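Protein chains: 2
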Amino acid sequence: MTPNIPDSPHKRLVIVGAGFAGLTLARQLAKRDDLQIVLLNKDNYHQFQPLFYQVAMAGLEPSSISFPLRKAFQSRKNVHIRVTDVKRVIPSRQVVVTDLGEIHYDYLAIATGADTNYFGMKEIEARALPMKSVSEALALRNRILQNFEDALTINSDEERTALLNVVVVGGGPTGVELAGTLAEMKKFILPKDYPELNFENMQVYLLEGMDQLLAAMSDESSEKSRRYLEDLGVKVMTGQVVTEFDGTCIKTKQGLKIRTHNLVWAAGVKASPLEGINPEVLGRGGRIKVDRYNRVEGYDTIFALGDVAMMVEEKYPNGHPQLAQPAMQQAKLLSKNIKRVLDGKKPEPFTYKDLGSMATVGRNRAVVDLPFLKFQGFLAWLTWMFVHLISIVGVKNRLLIFINWVWNYMTYDQSLRLIIKAKPPRIPKEPVPEEKVEAPAVVH
Amino acid sequence: MTPNIPDSPHKRLVIVGAGFAGLTLARQLAKRDDLQIVLLNKDNYHQFQPLFYQVAMAGLEPSSISFPLRKAFQSRKNVHIRVTDVKRVIPSRQVVVTDLGEIHYDYLAIATGADTNYFGMKEIEARALPMKSVSEALALRNRILQNFEDALTINSDEERTALLNVVVVGGGPTGVELAGTLAEMKKFILPKDYPELNFENMQVYLLEGMDQLLAAMSDESSEKSRRYLEDLGVKVMTGQVVTEFDGTCIKTKQGLKIRTHNLVWAAGVKASPLEGINPEVLGRGGRIKVDRYNRVEGYDTIFALGDVAMMVEEKYPNGHPQLAQPAMQQAKLLSKNIKRVLDGKKPEPFTYKDLGSMATVGRNRAVVDLPFLKFQGFLAWLTWMFVHLISIVGVKNRLLIFINWVWNYMTYDQSLRLIIKAKPPRIPKEPVPEEKVEAPAVVH
Numbered sequence: 001m002t003p004n005i006p007d008s009p010h011k012r013l014v015i016v017g018a019g020f021a022g023l024t025l026a027r028q029l030a031k032r033d034d035l036q037i038v039l040l041n042k043d044n045y046h047q048f049q050p051l052f053y054q055v056a057m058a059g060l061e062p063s064s065i066s067f068p069l070r071k072a073f074q075s076r077k078n079v080h081i082r083v084t085d086v087k088r089v090i091p092s093r094q095v096v097v098t099d100l101g102e103i104h105y106d107y108l109a110i111a112t113g114a115d116t117n118y119f120g121m122k123e124i125e126a127r128a129l130p131m132k133s134v135s136e137a138l139a140l141r142n143r144i145l146q147n148f149e150d151a152l153t154i155n156s157d158e159e160r161t162a163l164l165n166v167v168v169v170g171g172g173p174t175g176v177e178l179a180g181t182l183a184e185m186k187k188f189i190l191p192k193d194y195p196e197l198n199f200e201n202m203q204v205y206l207l208e209g210m211d212q213l214l215a216a217m218s219d220e221s222s223e224k225s226r227r228y229l230e231d232l233g234v235k236v237m238t239g240q241v242v243t244e245f246d247g248t249c250i251k252t253k254q255g256l257k258i259r260t261h262n263l264v265w266a267a268g269v270k271a272s273p274l275e276g277i278n279p280e281v282l283g284r285g286g287r288i289k290v291d292r293y294n295r296v297e298g299y300d301t302i303f304a305l306g307d308v309a310m311m312v313e314e315k316y317p318n319g320h321p322q323l324a325q326p327a328m329q330q331a332k333l334l335s336k337n338i339k340r341v342l343d344g345k346k347p348e349p350f351t352y353k354d355l356g357s358m359a360t361v362g363r364n365r366a367v368v369d370l371p372f373l374k375f376q377g378f379l380a381w382l383t384w385m386f387v388h389l390i391s392i393v394g395v396k397n398r399l400l401i402f403i404n405w406v407w408n409y410m411t412y413d414q415s416l417r418l419i420i421k422a423k424p425p426r427i428p429k430e431p432v433p434e435e436k437v438e439a440p441a442v443v444h
Numbered sequence: 001m002t003p004n005i006p007d008s009p010h011k012r013l014v015i016v017g018a019g020f021a022g023l024t025l026a027r028q029l030a031k032r033d034d035l036q037i038v039l040l041n042k043d044n045y046h047q048f049q050p051l052f053y054q055v056a057m058a059g060l061e062p063s064s065i066s067f068p069l070r071k072a073f074q075s076r077k078n079v080h081i082r083v084t085d086v087k088r089v090i091p092s093r094q095v096v097v098t099d100l101g102e103i104h105y106d107y108l109a110i111a112t113g114a115d116t117n118y119f120g121m122k123e124i125e126a127r128a129l130p131m132k133s134v135s136e137a138l139a140l141r142n143r144i145l146q147n148f149e150d151a152l153t154i155n156s157d158e159e160r161t162a163l164l165n166v167v168v169v170g171g172g173p174t175g176v177e178l179a180g181t182l183a184e185m186k187k188f189i190l191p192k193d194y195p196e197l198n199f200e201n202m203q204v205y206l207l208e209g210m211d212q213l214l215a216a217m218s219d220e221s222s223e224k225s226r227r228y229l230e231d232l233g234v235k236v237m238t239g240q241v242v243t244e245f246d247g248t249c250i251k252t253k254q255g256l257k258i259r260t261h262n263l264v265w266a267a268g269v270k271a272s273p274l275e276g277i278n279p280e281v282l283g284r285g286g287r288i289k290v291d292r293y294n295r296v297e298g299y300d301t302i303f304a305l306g307d308v309a310m311m312v313e314e315k316y317p318n319g320h321p322q323l324a325q326p327a328m329q330q331a332k333l334l335s336k337n338i339k340r341v342l343d344g345k346k347p348e349p350f351t352y353k354d355l356g357s358m359a360t361v362g363r364n365r366a367v368v369d370l371p372f373l374k375f376q377g378f379l380a381w382l383t384w385m386f387v388h389l390i391s392i393v394g395v396k397n398r399l400l401i402f403i404n405w406v407w408n409y410m411t412y413d414q415s416l417r418l419i420i421k422a423k424p425p426r427i428p429k430e431p432v433p434e435e436k437v438e439a440p441a442v443v444h
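First to last, the sequence lines map onto chains D and E.
full-length UniProt numbering numbers the first residue of the first sequence as 1 and each following residue consecutively.
full-length UniProt numbering numbers the first residue of the second sequence as 1 and each following residue consecutively.
Hints in this document: simulated from the structure, not taken from any laboratory.
Among the hints, erroneous ones may be present.
Stretch-level coverage of chain E by chain D, calculated; a stretch enters the list once three of its residues show a Cβ under 8 Å from a Cβ in chain D [said to hold, decoys possible]:
1. 61–71
2. 311–321
3. 399–411
Keep in mind the model is a prediction, meaning the values are calculated, not measured.
From the three backbone atoms N, C-alpha and C, an ideal C-beta is built for every residue, glycine too.
With the hints as constraints, model all of the structure from the sequences given.
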């Protein structure tokens, strides 16, 4: 195998990662015919992270929040997409090393994002359910649905409770949204689907190490989201740091024990920097330190942007929040700056414009913090839906998500409760059983 | 584990399989509170087989053609669904043996359907791509899409052609529909998605052992479908029986060789009867011989229906065609007969009413044989869509499929070109790496 990127008379920009940062950068630059763009990504699609929890909760299909990369760059002859893992960068030779071989770059943009942070707890990493990809969200969906099926087939009440209980760790937006949706499923859907089970035995827990939920938001939003969750029946426990999980029981540092088979881990992220970057420019959480032009400290031709980058501004001494907005804003300015440099002009420094943040808890319940306005409830919920709908890539995805939401709202139902088991891919050259093959006279 | 089916004062009907036959039977009887129904199925959903090929060709999502079984029987306390494999029946003790343990029946309905028939050719079974479940359809989609990615990364023209070529075996509706859709993808989508590849090197072949396509339909339909396919660029080859496939090349009995990594096997089906049924009542293709009341020969309390059953009528000396229509008609009458018997009345014998058959080749191109009318082309294509749309289970599925079809038609695009790799499920009790776990001071 070889990357097979054709030679070009133009400069080559290699972008690693097609999340919000990488995809935005590539799209903004795709029309520059005097730039060759190589976009490298693990999957052949972009994923819309803010809605992973709805995939996990059977409300949306993975495809509705995924967008094929090739569709975003159809007929662009200067854009070369390769689906591959990037192993490391060798700055001295200006190459990245991939599964397909080495690829030379003139400019490199690292947009590798962040992954689940287990804070070094291997026991939890081996058993908890993370939520940082559509694949992981699907796995969580299948696991929870399978648990209900399994709960029908055991006689021990204690074991059944452990199967049904779900402990969500992490009081950020993902944890809040997941716990709220689970509580709604328990209330509206599960008793109808499983009339044989008693769902009073099922508890949804939301555990958070700090003393409030949605710590990055306003106090009003933080308190309101807690009340919404408790109204829905979620057991919210703050100041609880989970440190042990043996597969059937979690324990916290504070001494709490909860029987459960299902630990959903949304407690934090750590950056996924590329190997080969000088470790001294890695900051807190593994983020790559960049200047206000997204240039990696100490490198002239390497940029980092999005969750993996740490750009310090006066208002953000620890870097920007690891969200879609900073990633997209950085990508937009970086694309402009690259165009400016190509045109012989001077680049401009970045300033983050905080557009606000929001989280949804359930039907008619959300919290919104805008720069000059905070509100909660039904209007916040409509705002949340509107903002997410217009942010998603692809008109068809928008339409399908809208229909799904209206449908689910009207019917109180998430209808995608399918445990679709993936068939392992067939390898053409796998060994054939020993039996002698005898051709039939006629196949039909 | 135990099946945990509660005792009931009423007779228990155990239905094995939730395809067209099993699901219809269960739905028709679900409202009889004086009957306990146990529905056993491998998956927790019903699959709409006629549209598998659209899932394989990235036109529809698996969820659009799947329907959660529990949703079909919400709040029905007399219906017990268990997701399990049924291994065999022990008629002398009136039990079926499942993964969950034994389940007693008063009446047993076997609706286990049919599976891909490789006619004993193990080499082909190990390497070909079948199309008898949504999982298999998804695997086919992922494989074909991955091939295009791989084709970008090799230098050998010969090998690239082998990756791109697709050989579809079997000239029935599935083979015809698949080959037609592939040819359209090659024409409308792939050159845009992969401007780096030359799709003149890709060939779609449709091979059939008999001397015509759609042999079960009229000669007009058969000839027209061939012309449609050839217009789209499909190489249709009849009278060719594939007997060998080493992973890179197929060979036919007639001496034809085609280089390809992709052999799609839609050449035939064989019934999946339950072990434990007297082998003497198994007819051609493994089908269970039943009388006109769907009673299995020699058993008073065991019924078989749908693809797995062979009911002989004067017009159908080899049993009914293995399609949705006979399955559903049999299920409807059997449900009526069971009600009649419960009410102390006499059952009625079955007569199959052929409502016609149809197949689609591509945009605006389909063939329809109704009992007194045959037509092809645009009107046939609309008819095909209408009939499939109203046949699918679930109003939301219908709506989503309709939107997808309209969208794909207008944009000449199948937009679900996502290779979503399934994450292996996490087992709660899997061993934990040896490293000592050190709890962090604060999780956040």
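Evaluated hints:
Beta-carbon proximity to chain D at under 8 Å applies to 7 residues in the stretch 61–71 of chain E; the threshold of 3 is reached and the given coverage holds. With a threshold of 8 Å between beta carbons, the proposed coverage of the stretch 311–321 of chain E by chain D is violated, since 0 of its residues qualify and at least three are required. As drawn, the stretch 399–411 of chain E meets chain D at 4 residues by the rule of a beta-carbon pair under 8 Å; at three or more, the given contact holds.
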